[in-house]
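**Student:** From first to last, the protein sequence lines are chains A and B.
When we follow this note's numbering, the leftmost residue of the first sequence carries the number 1, and every step to the right adds one.
When we follow this note's numbering, the leftmost residue of the second sequence carries the number 468, and every step to the right adds one.
Quick caveat, the hints were computed from the structure, so don't treat them as lab data.
Treat the numbers as computed from the prediction; the structure is a model and nothing was measured.
A portion of the hints provided could be inaccurate.
Stated by the list, open to error - Dumping the calculated DSS-like pairs for lysine-lysine here, alpha-carbon to alpha-carbon at most 25 Å:
#1 Lys203/A / Lys215/A
#2 Lys432/A / Lys253/A
#3 Lys65/A / Lys302/A
#4 Lys422/A / Lys432/A
#5 Lys483/B / Lys69/A
#6 Lys28/A / Lys483/B
#7 Lys231/A / Lys404/A
#8 Lys432/A / Lys28/A
#9 Lys483/B / Lys210/A
#10 Lys251/A / Lys68/A
#11 Lys253/A / Lys215/A
#12 Lys518/B / Lys253/A
#13 Lys552/B / Lys68/A
#14 Lys231/A / Lys28/A
#15 Lys68/A / Lys483/B
#16 Lys552/B / Lys518/B
#17 Lys28/A / Lys151/A
#18 Lys28/A / Lys518/B
#19 Lys483/B / Lys65/A
#20 Lys203/A / Lys28/A
#21 Lys224/A / Lys251/A
#22 Lys497/B / Lys69/A
#23 Lys203/A / Lys65/A
#24 Lys65/A / Lys231/A
#25 Lys215/A / Lys518/B
#26 Lys302/A / Lys119/A
#27 Lys119/A / Lys132/A
#28 Lys483/B / Lys215/A
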Amino acid sequence: MEEFDTIIIGAGMSGLAAGIRLAYFDQKVCILERHYTIGGLNSFYRLNHRDYDVGLHAVTNFVGKGAKKGPIAKLLRQLRFSWDDFQLRPQLGSAVVFPDVELNFNNDIELLKAEIAAKFPTQRDRFEILLKQLVDYDDLNDEMFGLSSRKILQEIFTEPLLIEMLLCPLMWYGNARENDMDFGQFCIMFRSIYLEGFGRPFKGVRLILKHLVRKYRALGGQLKLRSGVAKIITDGEHAVGVELDNGTQLKAKRILSSAGAVETMRLCEDTSESKVVQAGQLTFIESISVLDCQPKEIGFDKTIVFYNDSPQFHWTRPQTELCDARTGVICSPNNYLYDATEGELQDGIIRLTTIADYNRWAGLDENSYRREKLRWYDLSVASAVRFMPDFRRRVIETDVFTPKTIRRFTHHDNGAVYGAPKKQLDGRTHLKNLFLCGTDQGFVGIVGAIVSGISIANMHCLRTELS
Amino acid sequence: MTPAQIRDEILDILSKVAPDEDLSGLEDAKNFREQLELDSMDFLDIVLELKRRHRVIIPEEDYGNLASMASTVSYLEPKMRDIVKS
Chain A
1 MEEFDTIIIG AGMSGLAAGI RLAYFDQKVC ILERHYTIGG LNSFYRLNHR
51 DYDVGLHAVT NFVGKGAKKG PIAKLLRQLR FSWDDFQLRP QLGSAVVFPD
101 VELNFNNDIE LLKAEIAAKF PTQRDRFEIL LKQLVDYDDL NDEMFGLSSR
151 KILQEIFTEP LLIEMLLCPL MWYGNAREND MDFGQFCIMF RSIYLEGFGR
201 PFKGVRLILK HLVRKYRALG GQLKLRSGVA KIITDGEHAV GVELDNGTQL
251 KAKRILSSAG AVETMRLCED TSESKVVQAG QLTFIESISV LDCQPKEIGF
301 DKTIVFYNDS PQFHWTRPQT ELCDARTGVI CSPNNYLYDA TEGELQDGII
351 RLTTIADYNR WAGLDENSYR REKLRWYDLS VASAVRFMPD FRRRVIETDV
401 FTPKTIRRFT HHDNGAVYGA PKKQLDGRTH LKNLFLCGTD QGFVGIVGAI
451 VSGISIANMH CLRTELS
Chain B
468 MTPAQIRDEI LDILSKVAPD EDLSGLEDAK NFREQLELDS MDFLDIVLEL
518 KRRHRVIIPE EDYGNLASMA STVSYLEPKM RDIVKS
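Same shape as in the complex, but just chain B (with noise of 0.2 Å):
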């Protein structure tokens, strides 16, 4: 995948994982939480979904990478590079 398509995987977990939230207007750079209403047990869906579709595994230590889109894209990026998109 690449980084474009990382991020439009991300922001289709985010629509099932918090279905209210207005995703149209997201910052990348910003934090998640600033702009979303997304709490521990959110994130640990965003985890989840990406194992369960990819089977990506994110250990609890890098969950710090998972704070903006862009930060999440670019640790995601070496993880997801030979995963071709379905």
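Just chain A, same shape as in the assembly (with noise of 0.2 Å):
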């Protein structure tokens, strides 16, 4: 039977960077991942002849060149590439648009602060307060971690619409629990979006996961595709392999998973369904539309806008039908300060995201499925237009992924986006060489799955091995 150091459970970016560190640090390490493609949840197809992201709008925590603080400039660090092999572009600005209130914000907390002034004069001393409470990545326990960040905002704010505001984007991009924000997740969250920002590769994701899969393999890192974990093999304490569901074994001296702390609770043969933890239950569909033209001829020169169509933010599971248009986010990813050498994207595009829920979904028959997207399109697109300029007669093809394209690309239980809402900081089972890595680890998004990837390989499979 083949044995390994090291067995990592899904090729998305929490695994790949996790393989890298090991890969680089002299261990046989194997990434088993049951799609045909790697990325899990950002990756990338191919239809009629275009090129589409899944997953990623932004890459947040923006930093330029030569920063050597940060997540980005760590993460840089820690897997051995320049800051010109990711090639991020900074954003051209976004906004949050209420009824009656936008407000602007780039990779300059300055606007955001000025936004604020302007349109809640009462609010902006109140703001710096909230400046000064921030908790720093490395100072985040977990005991401040899973404060309420509505009441947190409430004891510092006057203006109940501000504090949605700024949620907004914070639980757009990152909120696994419903209603209300771990104040950690909150911290996190604001440090990445509001003081360092957006920015992406002209290439997209792919650019990304083209150079994390490349550098893991020329360190001698295996990596099988189509190779599903049908269950982990344990031994009283221990995991010792794992079984695919070809029925190949493989041992391992410890393994890492990237699928979900649930889900990686039931591949355990020794795991009863009663100790499982609860799963996520947000996810999305998103819409994509080609355009004839550059968004800015019509109009439309935002990177990203988080609308909302009233007065109070709901974050939640929708709780009657399959999607809750209400709230969404938009972005395009032709709005980002490009190289003159780059130019601009070939096609112009708006990315749609709806909050949606995935037991519906799943339920429908293929025709309603079939029928259920092309209305959910129409639906969620006539609630954007709402918050920018009409784009409907421009567009020449769309596509629609939903919670069960996600699910089918990350095999996340629910499709959830951002994991469990209970995270698992120091990544332990209930095995002693058994760790989480990626979403229900803590952090989210591409860099935060890329951090998460590289800390716990460094807790659990390198730091170790030095005694």
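Using the hints, build the complex out of the two chains.
**Tutor:** Structure (structure tokens):
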């Protein structure tokens, strides 16, 4: 039976990052991926001769070349990449739009400060108080992590609308909990979005994945696609290896799983269903509209718009329908400051994300599923054009992916995008040599997932080998 | 390796671990942390690189010896004396 130092379940951002760390330090590593392609939630596909991205709207935590601080600088160092490898270009500018109020922000916090001073003059000094209360990444501990962000914000601000508007982008881009948000997660997302900001490579997520997988393979790491793990073989308090869907068994000294907390527990042959923790519920549909022009030609020059059509922001699974189109995210990959040598993206693209319910989508028969995709494309776009120029007459091609698509790419329960509400920050499980990485460990988003893979590999697979 | 060769090796490791730092003015007697932006992940990497390149194992209780270039070289000298520089 083939034996590895570490087996990694899942070839998404976290699994690939962990794999690079371990292979670089001479471990014999194998990444097992059930899907036929890499990337997990952040992937890409080609349809009718066009490239599409899944996942990535923006890379958060944007820093310019030469920065020494922040998660991107850290992950580049740890994976031995240079800033030029990822070729991140900054956003043009984004906005939170609620009825009658718009807050613009970009990669310089001064713009958001000025916007709050102009639109919520009584809250200007209170915003400074919030900035002082934010906790740095390295200082986050379990105790303060789970506090209620809404409660803390209500103690600082006296304008409820501003609280809703500040929370909207942060919840949209990284909150696995319904209605409220863990304060630790709030601090992470606040820094990554408002203080650091958005960037994107001209070639999108495929450039990042290409670099990760190339480096991993060049270091001798093995990657097996179409190799789903059927079960984790256990022996008392330890995992001894895995059995693949095709019956092949592989041995490992330790296992890192990015399959999700619930999903990983289910794979363990010693686990009964009663031990299973709650899976995440928040998932989305996303529509992609290809335009016959650049978005700015119809007057849309924003990178990302987070909209909500009432003063109260509802961050919860749809209660009665397939989707809830009261809130959404509009993103145009065209609206980044690309280099003159790169030019503009060939197609004008508007991506639109809407909250959806996995069970209702999964329960549809094939005909209804196709029909509902078309219907919710129309409904979600009709909702979004209340907050941006109407682009509907310029559309030449569309595609929609749903929670079922996300489930197929990620194999996560419910197609949950940000994982389980309860995070396992130390990555430990009931088995001594089985660890979690990825969205259910703690960090979300592309940068978060990569940092998760790195830190769990360091903590449990590299540091331990030194003693 | 001679102490001078060990010093060169540490400089090379630092240039990999912290590629954006200017190492040309590094003062051997001063702590790394006062001169470079190194965090605990970077220190772990220095230790891992030494293991990867030279099979030198540094137990966690000895990490304090890696505070400055001077202390690192004198700590490593007995461990790396017999390694032939390639």
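**Student:** State for each hint whether it applies.
**Tutor:** Now the hints, each set against the structure:
A distance of roughly 18 Å separates the Cα atoms of Lys203/A and Lys215/A; the hinted pair therefore holds under the 25 Å criterion. A C-alpha spacing of about 11 Å is found between Lys432/A and Lys253/A, which places the hinted pair at or below 25 Å, so the restraint holds. Using a Cα cut-off of 25 Å, the hinted pair Lys65/A and Lys302/A holds, with the two alpha carbons roughly 23 Å apart. For a cut-off of 25 Å, the pair hint linking Lys422/A to Lys432/A stands: about 20 Å separates their Cα positions.
As the CA atoms of Lys483/B and Lys69/A are separated by approximately 16 Å, the hinted pair is consistent with the 25 Å bound. The suggested pairing of Lys28/A with Lys483/B holds, with an alpha-carbon distance near 22 Å, which does not exceed 25 Å. A distance of roughly 23 Å separates the Cα atoms of Lys231/A and Lys404/A; the hinted pair therefore holds under the 25 Å criterion. For the suggested pair Lys432/A and Lys28/A, the alpha carbons sit about 20 Å apart, so the restraint of at most 25 Å is met.
Our distance criterion of 25 Å between C-alpha atoms is met by Lys483/B and Lys210/A, whose separation comes to about 22 Å. This hinted pair does not check out: Lys251/A and Lys68/A have alpha carbons roughly 39 Å apart, beyond 25 Å. For the hint linking Lys253/A to Lys215/A, the alpha-carbon distance of about 23 Å falls within 25 Å, and the restraint holds. Only pairs whose Cα atoms come within 25 Å are accepted, and Lys518/B paired with Lys253/A is accepted, the gap being roughly 19 Å.
With a CA separation close to 31 Å, the supplied pair Lys552/B and Lys68/A exceeds the 25 Å bound. The suggested pairing of Lys231/A with Lys28/A holds, with an alpha-carbon distance near 21 Å, which does not exceed 25 Å. With a C-alpha separation of about 14 Å, the suggested pairing of Lys68/A with Lys483/B holds against the 25 Å cut-off. Between Lys552/B and Lys518/B the CA atoms are separated by roughly 15 Å; this keeps the pair inside 25 Å, and the hint holds.
Proximity of Lys28/A to Lys151/A is assessed by CA-CA distance (about 47 Å); at most 25 Å being required, the pair is judged violated. For the suggested pair Lys28/A and Lys518/B, the alpha carbons sit about 16 Å apart, so the restraint of at most 25 Å is met. The straight-line distance between the Cα atoms of Lys483/B and Lys65/A is roughly 17 Å, inside the 25 Å bound, and the hint therefore holds. As the CA atoms of Lys203/A and Lys28/A are separated by approximately 31 Å, the hinted pair breaks the 25 Å bound.
At roughly 15 Å between alpha-carbon atoms, Lys224/A and Lys251/A fall within 25 Å of each other, so this suggested pair holds. Distance hint between Lys497/B and Lys69/A is fulfilled; the C-alpha atoms sit about 22 Å from each other, no more than 25 Å. Distance hint between Lys203/A and Lys65/A is fulfilled; the C-alpha atoms sit about 18 Å from each other, no more than 25 Å. The hinted pair formed by Lys65/A and Lys231/A fails the criterion: a straight-line CA distance of about 43 Å is larger than 25 Å.
With a C-alpha separation of about 21 Å, the suggested pairing of Lys215/A with Lys518/B holds against the 25 Å cut-off. Under the criterion of a C-alpha separation no larger than 25 Å, the hint pairing Lys302/A with Lys119/A is consistent with the structure, at around 19 Å. For the hint pairing Lys119/A with Lys132/A, the CA-to-CA distance comes to about 21 Å; that is within 25 Å, so the pair holds. A threshold of 25 Å between alpha carbons decides the hint, and for Lys483/B with Lys215/A the separation of about 15 Å falls inside it, so the pair holds.
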